[in-house]
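*Asks:* Knowing the structure of chain R, use the given hints to seat chains D and X with the ligands on it.
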Amino acid sequence: MKLGVCYYPEHWPENVWVDDARRMAEMGLSRVRIGEFAWSRIEPEPGRYDWGWLDRAIETLHRQGLGIILGTPTATPPKWLVDRMPDMVALDEDGRPRGFGSRRHYCFSHQGYQAECDRIVMALAERYGEHPGIVAWQTDNEYGCHDSAVSYSPAAAEAFRYWLANRYETIGALNEAWGNVFWSMEYRTFAEIDLPNLTVTEANPAHWLDFRRFSSDQVVRFNRRQANILRACSPGRDIIHNFMGFFTQFDHHAVGADLDVASWDSYPLGFLEQFWFSEEEKRSYLRQGHPDIAAFHHDLYRGCQKHGRWSVMEQQPGPVNWARFNPAPLPGMVRLWTLEAMAHGAEMVSYFRWRQFPKAQEQMHAGLLRPDSVEDVGGGEARQAAADIAAIGDAGPPPKSVALLFDYAGDWVTQIQPQGRGFSALRMAFDYYSALRQCGFDVDIISPQADFAGYRMLIIPCCPIIGADVVERLRAFDGPVLIGPRSGSKTTNLSIPAELAPGGLQQLIPLKVTRVESLRDGVEEQGEGFAISRWLEHVESNLEPEIRLSNGRGIVWREGSVRYLAGHLDAALLRDVIGLMAGDADMVVEDLPSGVRTRRAGMLRFAFNYGTQAQQLSVPEGAELLLGSARIEAAGVTVWRE
Amino acid sequence: MKLGVCYYPEHWPENVWVDDARRMAEMGLSRVRIGEFAWSRIEPEPGRYDWGWLDRAIETLHRQGLGIILGTPTATPPKWLVDRMPDMVALDEDGRPRGFGSRRHYCFSHQGYQAECDRIVMALAERYGEHPGIVAWQTDNEYGCHDSAVSYSPAAAEAFRYWLANRYETIGALNEAWGNVFWSMEYRTFAEIDLPNLTVTEANPAHWLDFRRFSSDQVVRFNRRQANILRACSPGRDIIHNFMGFFTQFDHHAVGADLDVASWDSYPLGFLEQFWFSEEEKRSYLRQGHPDIAAFHHDLYRGCQKHGRWSVMEQQPGPVNWARFNPAPLPGMVRLWTLEAMAHGAEMVSYFRWRQFPKAQEQMHAGLLRPDSVEDVGGGEARQAAADIAAIGDAGPPPKSVALLFDYAGDWVTQIQPQGRGFSALRMAFDYYSALRQCGFDVDIISPQADFAGYRMLIIPCCPIIGADVVERLRAFDGPVLIGPRSGSKTTNLSIPAELAPGGLQQLIPLKVTRVESLRDGVEEQGEGFAISRWLEHVESNLEPEIRLSNGRGIVWREGSVRYLAGHLDAALLRDVIGLMAGDADMVVEDLPSGVRTRRAGMLRFAFNYGTQAQQLSVPEGAELLLGSARIEAAGVTVWRE
Amino acid sequence: MKLGVCYYPEHWPENVWVDDARRMAEMGLSRVRIGEFAWSRIEPEPGRYDWGWLDRAIETLHRQGLGIILGTPTATPPKWLVDRMPDMVALDEDGRPRGFGSRRHYCFSHQGYQAECDRIVMALAERYGEHPGIVAWQTDNEYGCHDSAVSYSPAAAEAFRYWLANRYETIGALNEAWGNVFWSMEYRTFAEIDLPNLTVTEANPAHWLDFRRFSSDQVVRFNRRQANILRACSPGRDIIHNFMGFFTQFDHHAVGADLDVASWDSYPLGFLEQFWFSEEEKRSYLRQGHPDIAAFHHDLYRGCQKHGRWSVMEQQPGPVNWARFNPAPLPGMVRLWTLEAMAHGAEMVSYFRWRQFPKAQEQMHAGLLRPDSVEDVGGGEARQAAADIAAIGDAGPPPKSVALLFDYAGDWVTQIQPQGRGFSALRMAFDYYSALRQCGFDVDIISPQADFAGYRMLIIPCCPIIGADVVERLRAFDGPVLIGPRSGSKTTNLSIPAELAPGGLQQLIPLKVTRVESLRDGVEEQGEGFAISRWLEHVESNLEPEIRLSNGRGIVWREGSVRYLAGHLDAALLRDVIGLMAGDADMVVEDLPSGVRTRRAGMLRFAFNYGTQAQQLSVPEGAELLLGSARIEAAGVTVWRE
Ligand SMILES: [Zn+2]
Ligand SMILES: [Zn+2]
Ligand SMILES: [Zn+2]
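Chains as they are written, first to last, in our numbering: chain R, 1 to 642; chain D, 643 to 1284; chain X, 1285 to 1926.
Since no wrong hints were added, every one of them can be taken at face value.
Only pairs whose alpha carbons sit at most 30 Å apart, straight line, appear in this in silico DSS-like list of lysine-lysine: (1) D:K924 <-> X:K1566; (2) R:K282 <-> X:K1566; (3) X:K1684 <-> X:K1590; (4) R:K282 <-> D:K924; (5) R:K306 <-> R:K400; (6) R:K2 <-> R:K306; (7) X:K1286 <-> X:K1684.
Here's a subset of chain X near chain D, in silico, CB distances under 7 Å, partners left out: (8) F1321; (9) P1362; (10) K1363; (11) R1387; (12) P1603; (13) R1608; (14) N1610; (15) Q1647.
Reference listing, derived: stretches of chain X covered by chain R, where coverage requires no fewer than 3 residues with Cβ under 8 Å from a Cβ of chain R: (16) 1451 to 1465; (17) 1470 to 1476; (18) 1480 to 1488; (19) 1697 to 1705; (20) 1800 to 1809.
Hints listed in this document are in silico derivations from the structure and should not be mistaken for laboratory results.
Keep in mind it's a predicted model, so treat the numbers as computed, not measured.
Even for Gly, the Cβ is constructed at its ideal location relative to N, Cα and C.
This is chain R alone, in the form it adopts within the complex:
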């Protein structure tokens, strides 16, 4: 695995570039990402390009042997461009223009802006496409960051109408699909359709779902235009985009289909603070991040590229500036995160950023160097990680073991129609992932469209929309299948299937969900040694339940090796059910120490201690230790060959 760093030569005097490059190489880095926010320097005035500084920066880095990932600067169009086409900005859900002064101030549907992007990408690609220093391209930056994948602009409305006409062909078909007879929402022409925001009460969920699909498609199309230009002008270079954490505003499988390498930006501490984790988890993992945050995304984004090629484009190197609270990583965590990416098969981990920039929005975001150019803690840990990587050698391919199905449209469904506040298919996927990993399993998070062959177990935490083709392939799967609540509960157009939930999955297990209940926080339905909360389904079936609530209601249903969960299980019961399935699959459930996680890579097994206490690992007798020891310290990493 290679190490890299994000670098902004335009922020620093030219005379430090060469020293920076030298220090990067010396630290063990071999990749450097540049350029993705530099439009105002590349084209300071309309049509006047200033290539000189970039030529020199690329040359300087290249001379130190660094492979350059060049970003297209389309996430930050300069002010002169916005002033020329003021309607290029997105409108927010309240209808307010999202103005210039930070970044991502564009609407994916604005044709004028798309043309400008073609132009600047083409200019870059033509100039540097065949430069030997350029090893890859990054398209734009963090599509959708700051809620920017969705826009309520006139341009979006226009494009949405066109998209709908394409999808439904006749307005009657759309009215029928959405059920617009309800509340007299019927349209006579596609031109009558507005965006679903600013309605009196909630808009039709089918209207929302199509708008979310459309918005995702606009991102895919936007990315594809850049990818096509870059491929044409820069043969042999990887096309990469950097995804974000816990972010589902567009279909990453679809964007990933146009990429050579999927990458993501890993900020475990910031994500812990900003997402759904409990107060207790936020305190316990304050300086480490929840032990499954990084791995979840590694395994998710690996599944977004057809050959499983993926990287970490931005790795948190110290405190960041953007969470509500911003503590420093525990010493060792930057190295741990780096090696964990390796364990999951990353091609590269690139730190964000080289040197903390003392100005502007991210001045409180640490780098590998301090603003005064002294090496910061993260720099030292990167150096150590480079040595460790060399010591470990090649990690071997990721194993195929457990597949967990996650579908972006499914998450849109639960966002649009949570039915119980906070219900989230993404969170369900994370919870199931975490439970599996605590059992010592290696998990691939895959699209329902992906190939199931080779997996020993399939887990569907919550996929509301399951196509007939997927049902077919699930039936063909030879191994335990776990189906979580709400799976199969909706048709493509977000309606209830004629045969009720779980829809086509009834071909796997003969039961019907006749009623659902969402339960307020603090309400639990008790079973023996477990409790159900948040979500409870009433099931009609000739089957006998495998596990019941104390009141007799079935909660786990089984037909052969297929199980259906009629509620949101607590961790204890989820672990039990995984244990039952593992038994079916001849897999051994481990009981990892608290805060410890592991990952296999080829013949290697990596262990990571996210806790603040040392723990004892069960390293098999005779295993060859490549790193660390069976006693694993806080923030420690142990690697052995099995």
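*Replies:* Frame of chain R; chains D and X with the ligands shown alone:
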């Protein structure tokens, strides 16, 4: 009492209508409400009516002996109409148009839309007014739902100025009444007056109160226009509107004056979740609703029709979709709610809806049938309720016992000027109502304008504005009167009366409120065995307090049979005070088991168990049991003849 | 010290004025503020002045010997003026016009409105400037109340561009200062610059800081225009403005430079409720206010006038209307607050208001009289305070003891860039102030620009921007200096200094802050007998820490008599550190009873009991008691000559 159901033939293929109608009748239903959201089907294009389907639907239902309540479709104007007059939509408090895509997207003050409503109502009334199947009309649907009774549109501003000119005649009178000299808010002409939203800090409370009065009057006027057309064209049919729960955006007494039957939409579980109830209440009554929610509205809306004619137009039949959390009713609750409405004198309970519609906004809202047409739990309970109603026979007239005064303008006052966060006249009314009912009393909730004759006790939880005529009638009342805090504290124009609070009520009890305190949550003033929270008044009087705080300050004041409460009493003290009054009135206070409520109807007494445990009732010796037994199960109903 | 009252003759019939004036004098008041909201009465129509009523009101008050403070009415422009120039209103951060209907509906940058203000102020000044009854002028009222110091209007944008051009001269200098190369935010001309609101994610913090500076300067300029007119036309009268509590939207030192007397509006109960105090503090001090709220502002605003002249223009006399909850002051508190102002050197305390006005927005705000003209509790306490003031006699000058540095721009920095939610330089200043006062110290809160001579100790709780000149003067200071976290951490343009934090302060103590951590609520770093929360800095230094965390990390650093705090200390450690410094300065730390605070004035010492229990004071042997006794009751005041 009749049972009915809300039905949407336009949602289903015509070939199922006849079977649906047959099954309704078979279930014990004799009423069916239709049509209230069907404008886009009745008039698919401007001026082109399509009556065929509706003719056939009415005929099909009629043939099964079902009496039809036909709704006017004005809550859901079709898109073509909005596109023709885009300014017909309301503006929200932030000034944003409330767009098409759900329902209620109209401003009550828009004259063009009013004319369109006249036209469509006239068309319906002329076609079906004398059809023998039509037994009643519902005007529009849930006026004000989704905050829609109030609009900040130019049309509203214009109408408001006209309304003010009518009320005050001269701008000087308005300036004087509002106290506009304060902060130089004086106007020179009515044309200068804006709506009270979007001011720098809060607008003049008198400005707000008049705007709320105006907004309410616009609803009254809107409803009256429809009622007049329907009365003219459809003689002998009842005019009904369906009110909502805990909703005060317009004066329901005033709208009720134009109705033959007041009805409301009863969703006990949704209301429990969405309103002010404590976490503990929300958990205890999770699947039953708070035991006073349904009854409170029964007794409130009965008082909104001059002959006490009322119905439940929509009865929750299972889980709904619109609360934060949506659990299922405890088995038996749908039947319990039905019979409780009977006990309170309803003419009809109509379930919402016949069959769960698998598409659009309410697809997660249960019906009597599942989406697959199988009878759902609620269907079975409706069938049982029909049998029970037949078994009980005629219930006899509601008793006149305790009258609780509630005034919509009073609630607007506490909304506009809570003085302590969360203070609400509506909630005060509910709390007092609940306390009275736990004593076993039957309560009528009446307007201060209603006749007090025949009542044994009068309760005024919180009526800030009390007219001189009401004071006069209160003085003439011969029985205990309880006056809660803030009553009489404001003039008609929301100013402090010259004689201070309780204003004219000082003619009933000689005391003055010289100062008020609102107390933050968690702060209590202690008395012996009770505590005061939220609100505390300093009273000046020559009377001796009847009950004092531990610090000596008077909290309950008495003059003859009139009592004044100088604060927000806890449940214990409120019960004590009711006990004192009951003693004065020779009424017996009962101590009902937890979760149990009762209601008398003629010679019958109904008991309802909202708890999750069985309870023992004190059924008098020799009473004839018509339903259930003295041991009342969870969700149980017992009825006896006294 | 004089007592006064705020009076609105325009609210009352003329025939009560003379009686009101007589009663004021009889109560012991000698000052009366009038006129500040009376524009619509002074100029009821454009250009038509109505002076008659004001002539008579002034004459009536003057005849009773009351010195009149006449307010300019520019906080409440009348409706006709707004209708003539609708763009004079401010726009809020969302871009919505802040409409007419309350007060402060103007944008400080609107030139048309400024001209109107010149005109009305000139008219008033010319008419009454030399009237013998006029002793002072109040400019406008509470600049910035209701967030009104900041406007996002086109007028503000235009003025901001001009302001920036003045400050930076070239656009290149601005781009460089702000670091606009980051995210391609570079501008080509000043005309390209927008206001920093409504950006996609946060705008450049340097952009925000300049906008805050600009907005503050607009207030300064606005005030200066009025002051200049008044000075020219009304020689010998004091120019006053009334500041608010915990309010930092403009630089009060800068506005104060144009005033003869700084004054503020003291509402201890409302401020307790609305600001950051804990639930426990809000309950403990419910009817008293936190014991440091009033004193903090006394000592702050005294420092805002170059000769230390200051007053309380509005003193809470009873419950107010504007906090979430509005309890009544404990009996005695109105007197206590009055005498505390005297102890801190006020020239006047003026109560708000004479008589509770029964109409409009503040009808629930108590006065000295009730709406029915009966003297209210506050009236009696004012009368008592007048007697006490006479008994005490002249208090002597404020002592120079401890200086606490507070800088408005520093507070803007922590608002713009809290880095940990809720971090606030203002709150830091308050916390340190409270700790010092609990030690029995007398504190001056001063600008870093003020003279340090004569102080025995300097405290810098949190001043992120410290100029080189200040560093120079700090180096010259001969006494203990305490530097709190984040001090010196930013350059003038809100970037990280080249030498890292604490920037130039490294000349006082040789250490560098290499990393900062903000910690979520509930997270603590333990030391022996203390804990650090919220904020923790990593320090690099050759010094040995004076105090360490249990994990060895230095938390208090010392070089000679200069100390640096590398985190947010709890009260225990802060008190210890103050003790260490006091030792260096030969000052004695006292341990005042809970809820008790003291203040020295000349040879007098005042003690105030904010608790609800009586306490025993350590009055020195032989001290002469001028008021109260060593046993100080709840809400009690004791004064002795030392
Ligand atoms: Zn981002
Ligand atoms: Zn509704
Ligand atoms: Zn104010």
